[in-house]
Amino acid sequence: MRLKLSCEEIEKIEVERVLDLSGEVCPVTAIKTRIEFKKLSEGDKIKVILTSKESAENIGAEFRKNLLAYCTDGRKYILIIKR
Amino acid sequence: MIAIILHSGEWDKIYHGLSLASMYSALEKKVVIFLTYWSLKTVVEDGINCGDKERDEIMKKAYNDGKVKDLTEMIEMGKAFGNLEIVACSGSMEILGIKEDDMPNWVDRVGGLGEILMNADNVIFI
Chain A
1 MRLKLSCEEI EKIEVERVLD LSGEVCPVTA IKTRIEFKKL SEGDKIKVIL
51 TSKESAENIG AEFRKNLLAY CTDGRKYILI IKR
Chain B
84 MIAIILHSGE WDKIYHGLSL ASMYSALEKK VVIFLTYWSL KTVVEDGINC
134 GDKERDEIMK KAYNDGKVKD LTEMIEMGKA FGNLEIVACS GSMEILGIKE
184 DDMPNWVDRV GGLGEILMNA DNVIFI
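Chains A and B, in that order, are what the protein sequence lines are.
If you read the first sequence in our numbering, its first letter stands for residue 1, the second for the next number, and so on.
If you read the second sequence in our numbering, its first letter stands for residue 84, the second for the next number, and so on.
Read the hints as simulated data drawn from the structure, not as lab findings.
Values in this document were obtained by computation on a predicted structure and should not be read as measured data.
C-beta: ideal position from N, C-alpha, C; glycine also.
Treat the hints with care, since some could be wrong.
[To be verified] With a straight-line Cα cutoff of 27 Å, these simulated DSSO-like cross-link-like pairs (lysine-lysine) come out:
(1) K96/B with K124/B
(2) K144/B with K96/B
(3) K39/A with K12/A
(4) K65/A with K113/B
(5) K76/A with K150/B
(6) K32/A with K113/B
(7) K82/A with K32/A
(8) K65/A with K162/B
(9) K162/B with K45/A
(10) K4/A with K39/A
(11) K38/A with K152/B
(12) K152/B with K76/A
(13) K144/B with K124/B
(14) K150/B with K38/A
[Said to hold, decoys possible] Across the chosen pairs, the derived CB separations fall in these ranges:
(15) G195/B with E62/A: 32 to 40 Å
(16) K144/B with K39/A: 28 to 36 Å
(17) G23/A with G165/B: 24 to 32 Å
[Said to hold, decoys possible] To spell it out: a stretch of chain B is covered by chain A in this simulated footprint if at least three of its residues, at any positions, have a beta carbon under 8 Å from a beta carbon of chain A; those stretches are:
(18) 105–111
(19) 138–152
Bound conformation, chain A alone:
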């Protein structure tokens, strides 16, 4: 699967957890993502919603081995991360 999808395609992906970090910035975005990621079991997926481009890039880089897909839509960024 290509990494970059449209946000409509992203919405179709089934996930076990959703983390809405709209309005949050670093380092809170990175720390809260790690808190939720740690709760996932093997193979589970989490959808992380952000409005900070920098945070989306940081988390995308930090979790690049686990990044399944992402999309951007105006000021909204969604990452799908798989444990």
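Position chain B against the provided structure of chain A, taking the given hints into account.
Chain B alone, transformed into the frame defined by chain A:
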């Protein structure tokens, strides 16, 4: 273990030090925040005081916009990983006349500089 020694009482520096600690903890590194001197006074008081009008304004706006959290919330995020301990310096408490029950409950214990430095591989001073 990483020791982050907080000396300054300026709120933004304390918040930054706690952010470092929470991130280290999130990255599964053992970290200790050692509260010394003026940082003890700030954690006992409420309010955002950076010791500089302009910085106060910027930090208060960021706080109201939800981009910066209160000290307790930043600490709880770090403690969620189980790698963060917060120790108050007994010497500083004596100098400033601060007692243990004046302090917020997220302060785990009172300790001395010797044991902190003995176990520290890295020290960050703020």
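Hint by hint, here is what the structure shows:
1. Distance restraint check for K96/B and K124/B: the Cα-Cα separation of roughly 13 Å lies within the 27 Å cut-off, and the hinted pair is therefore satisfied.
2. Among the hinted pairs, K144/B with K96/B is consistent with the structure: their alpha-carbon atoms are about 16 Å apart, no more than 27 Å.
3. For a cut-off of 27 Å, the pair hint linking K39/A to K12/A stands: about 22 Å separates their Cα positions.
4. Of the pairs offered as hints, the one joining K65/A and K113/B holds, with about 24 Å between alpha carbons and a cut-off of 27 Å not exceeded.
5. For the proposed pair K76/A and K150/B, the alpha carbon gap of about 16 Å is at most 27 Å, so the pair holds.
6. Annotation: proposed proximity of K32/A to K113/B holds, straight-line Cα distance about 18 Å (limit 27 Å).
7. For the given pair, K82/A sits about 16 Å from K32/A by alpha-carbon distance, which is consistent with the 27 Å threshold.
8. Note on K65/A and K162/B: the hinted pairing holds, with a Cα-Cα distance of about 26 Å set against a maximum of 27 Å.
9. Proposed proximity of K162/B and K45/A is supported: the alpha carbons are some 24 Å apart, at most 27 Å.
10. As the CA atoms of K4/A and K39/A are separated by approximately 25 Å, the hinted pair is consistent with the 27 Å bound.
11. Taking the CA atoms of K38/A and K152/B, the gap is near 22 Å; set against the 27 Å cutoff, the hint holds.
12. Between K152/B and K76/A the alpha-carbon distance is near 22 Å, which keeps this suggested pair within the 27 Å criterion.
13. Between K144/B and K124/B the CA atoms are separated by roughly 23 Å; this keeps the pair inside 27 Å, and the hint holds.
14. Pair hint K150/B plus K38/A holds up; C-alpha atoms about 23 Å apart against a cutoff of 27 Å.
15. A beta carbon spacing of about 36 Å between G195/B and E62/A agrees with the range 32 to 40 Å that was offered as a hint.
16. Distance hint check for K144/B and K39/A: the Cβ-Cβ separation is about 33 Å, which falls inside the suggested range of 28 to 36 Å.
17. About 28 Å separates the C-beta atoms of G23/A and G165/B, a value consistent with the hinted range of 24 to 32 Å.
18. Interface restraint, the stretch 105–111 of chain B with chain A: holds (4 residues with C-beta to C-beta distance below 8 Å; minimum three).
19. Counting residues of the stretch 138–152 of chain B whose CB falls under 8 Å from any CB of chain A gives 4; the rule of at least 3 is met.
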